[in-house]
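Which chain is which? The protein sequence lines are A and B, in order.
The opening residue of the first sequence carries number 1262 in the numbering used here; numbering runs sequentially from there.
The opening residue of the second sequence carries number 233 in the numbering used here; numbering runs sequentially from there.
Hints should not be assumed to be uniformly reliable.
What the hints assert, rightly or not - Once the Cα atoms are required to be at most 25 Å apart in a straight line, the calculated BS3-like pairs of lysine-lysine come out as:
hint	chain 1	residue 1	chain 2	residue 2
1	B	Lys321	A	Lys1594
2	A	Lys1611	A	Lys1531
3	A	Lys1657	A	Lys1680
4	A	Lys1741	A	Lys1519
5	A	Lys1531	A	Lys1519
6	B	Lys321	A	Lys1611
Source of the hints: derived by calculation from the structure; they are not laboratory data.
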Amino acid sequence: MNQSISAAEELAALTAHDASCRLAEGTVSSVQLTQLMLDRIAASQNNAFITVNPKALEEAAAADARRQKGEARGPLDGIPMALKDNISTQGLRTTCASRMLAEFVPPYSATVARRLSEAGCVLLGKLNMDEFAMGSTSENSYFGPVRNPRDPQRIAGGSSGGSAAAVAENLAYFTLGSDTGGSVRQPAAMCGVMGMKPTYGRISRYGVVAFASSLDQIGPITKDAQDCALVLNAIAGKDPYDGSSLMNPLPDYLDALKDGAAGLRIGIPKEYMGEGISEEVRMAVERVAGLLEAQGAIVETCSLPRTEYALSAYYVISSAEACSNLGRYDGVKYGYRTQAYANLAEMIEKTRSEGFGDEVKRRILLGTYTLSAGYFDAYYKRAQQARTLIMEDFRKVFRQYDVLLTPTSPVTAWALGQKHANPLEIYAMDVCTVSVNVAGLPALSLPCGTDSQGLPIGAQFIANTLGEAVLLRAAAAAEKGGKA
Amino acid sequence: MEFSEQELADLEMLARVELSESEWNRCRQAFQNVLDLAASLQAVDTEEVEPMISPIHLMNVMREDEIRPGLEREEALAQATETESGCFKVPRIL
Chain A
1262 MNQSISAAEE LAALTAHDAS CRLAEGTVSS VQLTQLMLDR IAASQNNAFI
1312 TVNPKALEEA AAADARRQKG EARGPLDGIP MALKDNISTQ GLRTTCASRM
1362 LAEFVPPYSA TVARRLSEAG CVLLGKLNMD EFAMGSTSEN SYFGPVRNPR
1412 DPQRIAGGSS GGSAAAVAEN LAYFTLGSDT GGSVRQPAAM CGVMGMKPTY
1462 GRISRYGVVA FASSLDQIGP ITKDAQDCAL VLNAIAGKDP YDGSSLMNPL
1512 PDYLDALKDG AAGLRIGIPK EYMGEGISEE VRMAVERVAG LLEAQGAIVE
1562 TCSLPRTEYA LSAYYVISSA EACSNLGRYD GVKYGYRTQA YANLAEMIEK
1612 TRSEGFGDEV KRRILLGTYT LSAGYFDAYY KRAQQARTLI MEDFRKVFRQ
1662 YDVLLTPTSP VTAWALGQKH ANPLEIYAMD VCTVSVNVAG LPALSLPCGT
1712 DSQGLPIGAQ FIANTLGEAV LLRAAAAAEK GGKA
Chain B
233 MEFSEQELAD LEMLARVELS ESEWNRCRQA FQNVLDLAAS LQAVDTEEVE
283 PMISPIHLMN VMREDEIRPG LEREEALAQA TETESGCFKV PRIL
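Bound conformation, chain B alone (with noise of 0.2 Å):
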């Protein structure tokens, strides 16, 4: 299967991710290479076969909704680039 310039440009929209003209250079072959070894999942006989979703059961485990210690408000803002009035800043989106 080929991988179309367009398709790139969707994908690139999609993960907020942008690769310059060298770096797509760089891994279209590898790209493409990954692809044809994910379609050879197409050769498998899954008629009837439930998909695996995790390796063990998980249950869903219900517990009082009690309050307990947390990181305090300096140290959750701690690691970021822009804080303003004890808030995460991001650029204006209004």
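If we strip away everything but chain A, and leave its shape as in the complex, we get (with noise of 0.2 Å):
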């Protein structure tokens, strides 16, 4: 028995690109994978997932169906995922982790979802999150808070803290997240796995529960470079039904895996290292540029000046755009809809008050705060300006750097309920990932060791825009050098 135990552990533990292998040989099968994934998601006590898929067995079925006909998809066929709950799934409930939608059924699917249906993954379910995405610790769902697969009395980061904890519980072989100020790469490194933001426009949006629309982007959670790539050509391409998404032609991007760090130009802006990170992660980002050192890269300090105002920016932003986005929840078409009222005001202003949660409902506040007139300018107007000027630091860095090294985040995961006193003190971890949502760029986290408590750490890679594949490259090459 003990046997069996360890050979399915061994089996869940698997990379979905060594799954996929698996899959090709012949020597398992989808059914198996996903009834394995399904059997862990039950027994599992972290919360991770919101909603089961109840179609999941049957998706997997499908796929082993077309394997036996020679009708395979490609290397993601029958491979057990799952999604973010802010991203629709046309026939399962989408709640974004607030009561507000806790009881929606979307009637149709993201382009993220239908991409890798298409694919041919199987869909385990969706997962917890911080309402609305507005949080960095997963505490703030309707749902319960998520808790660490690496020590339960903490926090696995967030918003995607659901998405994070599954790939880190092997509860599924890779999940997608969503990503405006850090809430893919911060619950990854919290939880010890990958995660990618691609650059803004990189992946369509369309079927995604909007927060902050000049922030948002789609990005996967994966166990390494390898599945992100897989995943990322997956899902990465113009959407005809999101008019953000770019045209820019698409590499492979497992590609970039092979090159190596011979010759990749690296560097440490000094702002991301100072006051405010501990000292662990600081020495484990350093071992990282240490590993790629010696595979021969080139590794500099630089300097990013304007950091400072990007936390400032980011909340303005961020709390204005979603103020406007989270105004066409009013109980009518969709969505929760308050008891009993007088008029249609009272019903619209009950519906918000009784279907958010504190931090939604403070954002919104905030955001209409910003945007109304006579302060317009003074915050909203000016972060944007803060913004021109963050993008301009970054494009001189990288007109000297192939990809900028920092910490993901200051600190490794705190306990449950730790900070819930001053939400600045969580604002401000998210210190070393806003910038990249500001300016729009593509940014990894990735895992590099434990603190003395065995805490994971991640050390976040940012590139120029479009420059996913710099990003895994250098991500394999520290994998490799990791391993060596």
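Fit the two chains together into the complex; they arrive one by one in their own frames, and the hints show the way.
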């Protein structure tokens, strides 16, 4: 019996590309992999899932049937995965971890969900998150907080905490999250897995519940760089349904993995390694730099002097866009509606007051404030001007460097409930990730060891616009160096 | 900068979101802190700096106005709390 348990553990721990090889060899079926994941999800205590897909085994059986007929669709056919619960799935409840959408069943699927389905992936279910993706801990969920699989007393990070925890606990071979200010990268770092936020516009957001439209981007959370490339290959590219998706041609992201670190020019911005960064995190990031240098990369210190404005600019812009995007929740066409009301205005106000949680309401009010007459220029416009300056800083350093290396989060996962009293303290934890969204750049968080308490640390690579391939090149080289 | 009760009431009205007294007590300090953080932008020299509206250059793309399949009426109404005669239903406004 012990032997079969460990065989199952080993099967669950496989990367998606290794699981894909087993499927191709015929040593395991998609139904077996899917059943294994469903059993693990049912046994898990970490609250990573909000909804399990009742049709998962049916989808797996269809994948197996295709393979038997010699019609397998590609490397992801039959691979069980899961999606953050702000990604619409036709016929399967999509809650955004909010009371507002607790019963919402979308009439259509997001483009990313459709593309993964067309690639043959099996959808296991929908993943827990901070309500409307607002938060950095996955504690702001109507369905309760996500626990970190590495230490269940601690946060999984957020807002894609369920997406990162599910991969870390081997409940799915990969997941998708969304990243508005670090929401893919930071939970990936805290759970010890890889997370990428691609360039703004690289991946369609059609069917993804909008938070801050000039910052939001979908990203994969995986066990390694090769899986990240595989998933990116399946979901990236122009979508006629998303006017902000980019036309630029797509490389085969797997090619980037072979290039190695020799000659790679890496800049370490000093503003990201200073005050507030824990010593253990700093040392782990420096170890990554050392690994790459040993393979022939050139590592130097650089500067992004306007970094200090990124956090303020981010919170002003994201709250302003959120208050506009969340205006649609009025209890009329879909979503929660309050029980008792005297007139339309009262119905809308009570619906919104009861349907949204604290953090969401706070950001709606903040956004309303910064957009209101008399304050618009002082806050919103100024934040957009700061955004231009932050972008200029990045453009300048990318003339000299292929990729930047920083911590993903200044600290490792903290205890659940620890920072509730002061949200600003939590906001400050986003300092390494938000500037990437402000500038629309791609970035990736690489697991790079643990601290003295055994908690995972993430190192972040940042590349210039459409530089996903160089991120994967650096990540693959660091993985290789770490194993050697 | 201090945030007054009247300003909160105005904002609640604009945003159609009402906070209970306990909610407001819970978040008053946080709200103030975030506003103070936002106020740090006043230190940025923005003289002659263009605001960045989006990370990408968006262009208007025109296409023929062709009829394409969309949601059926029943599908579009399926998620509403109240419907009548194929329409969304709201409290009377006249």
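Going down the list of hints, with the structure as the test:
1. Taken as a hint, the lysine 321 of chain B and lysine 1594 of chain A pair is honoured in the structure, with Cα atoms around 9 Å apart against an allowance of 25 Å.
2. Only pairs whose Cα atoms come within 25 Å are accepted, and lysine 1611 of chain A paired with lysine 1531 of chain A is rejected, the gap being roughly 48 Å.
3. For the hint linking lysine 1657 of chain A to lysine 1680 of chain A, the alpha-carbon distance of about 36 Å lies beyond 25 Å, and the restraint is violated.
4. Taking the CA atoms of lysine 1741 of chain A and lysine 1519 of chain A, the gap is near 11 Å; set against the 25 Å cutoff, the hint holds.
5. For the hint linking lysine 1531 of chain A to lysine 1519 of chain A, the alpha-carbon distance of about 29 Å lies beyond 25 Å, and the restraint is violated.
6. At roughly 17 Å between alpha-carbon atoms, lysine 321 of chain B and lysine 1611 of chain A fall within 25 Å of each other, so this suggested pair holds.
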